[in-house]
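Colleague: Spelled out, the chains give:
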Amino acid sequence: MEKTLNSKTKTALSAICIAAFLLIVFALDNTISAGSSWKMLITVIEKGSIFALVAASMNLLNGFTGLFSLGQAGFMLIGAYTYAIFTIPAASHDKVYQYFDGGLIQWSIVEILEDKLGVFGHYLGMFIPMIGAGLIVALIAFLIGIPVLRLKSDYLAIATLGFAEILRAFFQWNTLGPITNGSNVLRKYTTYGNAVFPVIIAGISIAIILLLINSTYGRAFRAIRDDEIAAEAMGVNLFKHKEMSFVISSFFAGVSGALLAMFQTTINATPFNTVMTYEILLIVVIGGIGSITGSIIGAFLFTAASEWWLRGLDAGRWLGISSSLMRPGFRKVVFAVLIMMIVLFYAQGIMGSKEFSWDRFFAWIKSRPEALKTLPARRKAKSAAKKEARASKAAAKAKAKAAKDEGEAKKASGEKLFTPLPVSDEIMIFGKEGK
Amino acid sequence: MKKVLVIMLTLLLSMSMLAGCGGGSSSGGGDTIKIGVFEPASGDNGAGGKQETLGIQYANQVQPTVEVGGKEYNVELVIVDNESDNAKAVTAAQSLVSQNVSVVLGSYGSGVSIAAADVFADAGMPAIGVTCTNPQVTADCEQYFRICFLDPFQGTVLANYAWENGMKKAYCLSKLGDDYSVGLVNYFVEAFKKLGGEVVEEQFPDKNSDFTSYVANAKKAGCDVFFSPVSTEAAALIIDQAEAQALGMPILAGDTWDSNVITGAAQGKNVEVVVTTFYQEGGNADFDKGIKEWIEGDSTAMTNNGGNSDVAAVTAMGYDAYFVALEAMKAAGSTAPADILAALPDLTVSNLVCGDVSFNEVGDANKTEAFVKKCNTETGAWDFLKKQSAE
Amino acid sequence: MGFIHTWLPYILAGIAVGGQYALIAIGYTMVYGILRLINFAHGDVFMWSGLIMVYLITILPLWASVILVILFAIVLGTTIEKVAYRPLRSAPRMSIMISAIGVSYLLQNFALYITGGLTKTYPTIAWLQKTVQIGSATTKMVTVITPILTIVLVFLLVMLIKHTKIGMAMRAVSRDFETSSLMGIDINRVITVTFVIGCGLAAIGSVLYFSNYTGIQPMSGAMPGLKAFVAAVFGGIGSVPGAVVGAFIIGVCENIIKGTGWTTFSDAFTFVLLIVILMVKPTGLFGEKNIDKV
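Residue numbers (our numbering), protein chains in the order written: chain U, 13 to 447; chain R, 63 to 453; chain D, 3 to 296.
Be a bit skeptical, because a hint or two may be false.
Incomplete in silico selection of chain U near chain R, CB under 10 Å [as the list claims (entries may be wrong)]:
| no. | residue |
| --- | --- |
| 1 | N249 |
| 2 | K252 |
| 3 | H253 |
| 4 | I279 |
| 5 | P283 |
Derived by calculation from the structure, the hints in this document are not laboratory data.
Model, not experiment: these values are computed from the prediction.
The beta-carbon is built from N, C-alpha and C at its ideal position, and this holds for glycine as well.
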């Protein structure tokens, strides 16, 4: 093993990289004109970082605590609505709540704080409802968690899915219209001005999730995931830790919901359906269940591929290839096939359960020249191994055939191959319906 | 094997990334002018969106070039699918903007237009709504114009029609989470109550395909008219159930129902379907003949139109929208979005299929009349009833 | 009498849709009973059966189309099991569920591509769609046929499970997967048969369901699928009669809720029911208690 970098250098490296990334995003958003084809890059960065956050929060639950929950879209929905409801400027209320006489809440936190504190108040006014969104979601998750978390894996999945659907119906309910605007979109609320905003918020949130995972609590979560009963025997309070993981995960799902609301500039409850949850889950799977780095990479790849790179597949021309096969919907088919391939053949995803680390990164870089040098040799060894495997397979086949022939011959000569298991009435005790 | 696959996938993705970035700008110059078509091709409003797109495509076929500022340009359509989904609409709109289109047409369905309005506003991109009737589309967006009438107008027209025909109690069904039907029902209820009518309001949830109980509810409440301006997908199911349970009252709906999906569903059934719409088939014989020939000659168009060549109102509106966009470019004398935007408010376009278009200060078309049509269940065609105004 | 007069249309509709949910729910409950897997793709197999019917009817007579649709569903279901579930059988349960979600995503998107996002109208089966008068209610013939056919099919299925060798094997496998494989039961064969039965019944369910509600689009299978799963949980997962009873209860309740003006929550109700049953009696109406051994 090479000598590892000391932790100070690593922190410094990470800090530099993050600062550089933020600077680039900031600069790009200011320089790229609206009509440029690179504008999509900004959109992907914004949406990607929002989904990175929600994927990381889902990973905390599914990958680190082993709780298979499918309620993420429902929690994002509450987050998005909470944020939007409290930041619609007073002047816009009549227009937004056009069917509900301007709605119940006639003020905006952003405006109130901006009047008192200026620009700082503006951002504080965005920050407070965003955190508030997280807290409200966390509270609801806490209440839902009390009954639901006693359930086993797949029942938990379907129960959380059910809760998300109930929440959606609730938010569209006409009676709640003065608050949620019923079936109509909420819009005109305060949004961020630069793409760097969601990146920073998502980054901080993910950092907190990472800190949590590496704490004692995180170790307890993983113990629960690996073996619930053993963990309990070791003194881990199962319910307390499950509830904690559920509430924290939901908190960040709520924050990402608020960010998504800002990104979309209008929200409506309809898109927060099971398909959205499935997409978040697939991001987690692509990245690797149990790897936050993976979730981040997965989120950006998923967003970029589905919203940007593969769009040409719908329009009939992609990579210069034109085909009549490429009509609307083809993009999604290709995408779904890719995902199935990942699920079946690369079940560990991009990162498996590993996280990014500078040590491994440098070790990998250093090993490249060596690897390149030995490439021909390794290739040779590999092909030899392949040949050998093929040969042994053929041998095994021949052997099996010989054995079969032998068996056939014996059968023909009337010899019994083996004594069949006695099929007695006692097997009936397995009967489930047949009591 | 796995490794080869991984490498191939990575290669393909990275190549498509380059194509995605480079493709937009390479063909931007020259003698082409791009018009963005922001329409749903899938989701709840897929059928309607496709029909609207057909009108635009046909118009592009009829008039593939435009002379702007003394120079001849080829018009290229850039079509994106907004999936009838507010969340996807934002990125779809963004991808149009980033492909350097000069003006955007669409969308069918108001929700996605409202969602995309901010993207167009940020980019200073002029957008011309074709059949999005919700007032919110243009209300706060200076970039959004539209060539159709609005829900408050249409709701009042429908209420007037119902009241004048002796219907005193209306059953109103809208779809949960759908701006269009909820909005239209709201304005209808407002106008109908003002006239002295009585209403029963209900909403059905997303993905519902069982309308048995709603039809039964309307019968139970003793209503005189079943008002359900929902998407054509749900419409076909409602008509089917109305027949199965012998609804016994007319079904009234708005512009979305002026589609061959409805006539197809109602043909041979004992139901009465009345709609208000933008366009009267037969109102412009040349257009009717031309588009029918085009649809019949193009199998993709035929499929997108739902298997026959009956012209939907939205198709006619799409056709008009294209010409409004061309006229705007001519008036602006430039292909830059900003110039087109400046030219739009003072524009008056005549010789269109669905009547002249000029915009008021909000950006909405000045329309004062809607056509009322009734489905002829024997022939499966629309019979023109009358022109109805809001007064 | 007045009560029945008012509510008969709703109850009839509920029984009909309940019967159709029941046919889907059997697939869920049997697969779960044996593999402990929520087959999220089952609703999409149901949707695809409907879709294939639309295309087949244009070239084949009705009876042939129905048979081919059932065969198609069976082939699709068993292929999904072979390709997407079998390789993951020893993997953690979460992976196989994710695989099921992936298959569902693929089937929906493929349907979206094939149909171009347009709703397809189900072919008219004149006999099923004939209007009939029952008491005060007017309804389609299919409403009457569905519960009868469902009960007949379920009776046959229960007979099969109780009295045939393969049925015995199925019961054994659902009771103890490993032991039964040690006892010489061909697990793969049992699982395949389970999928054959489940998908075949879902295909029959699709004929009935779409004859009643004639529009098919890529998401048509999602909601009936989820509701059927809830029905299976409600009745006690693994129990065929339980799933059927659960489905009928859900169908009737759903329609009564729509009739009382709470339509906004008619879908949410199903999930409320699910959560309540999971809290109060996780084993469902007819389920047996399962003890986890360490």
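Colleague: Closer than 10 Å between Cβ atoms is the bar; does P283 (chain U) clear it against chain R? Give me holds or violated.
Modeller: holds (4 Å)
Colleague: Holds or violated: is the Cβ of H253 (chain U) closer than 10 Å to a Cβ in chain R?
Modeller: At 33 Å from the nearest chain R Cβ, H253 (chain U) fails the 10 Å test, so the hint is violated.
Colleague: Let me know if the C-beta of K252 (chain U) comes in closer than 10 Å to any C-beta of chain R, holds or violated.
Modeller: Nearest chain R Cβ about 35 Å off; hint violated.
Colleague: Please verify that hint: N249 (chain U), Cβ, nearest Cβ of chain R, below 10 Å or not.
Modeller: Result: violated, 39 Å to nearest chain R Cβ.
Colleague: Answer holds if the nearest beta-carbon of chain R is closer than 10 Å to that of I279 (chain U); otherwise answer violated.
Modeller: Since chain R brings a Cβ to about 7 Å from I279 (chain U), closer than 10 Å, the hint holds.
Consistency note: the structure conflicts with the earlier hints numbered 1, 2, 3.
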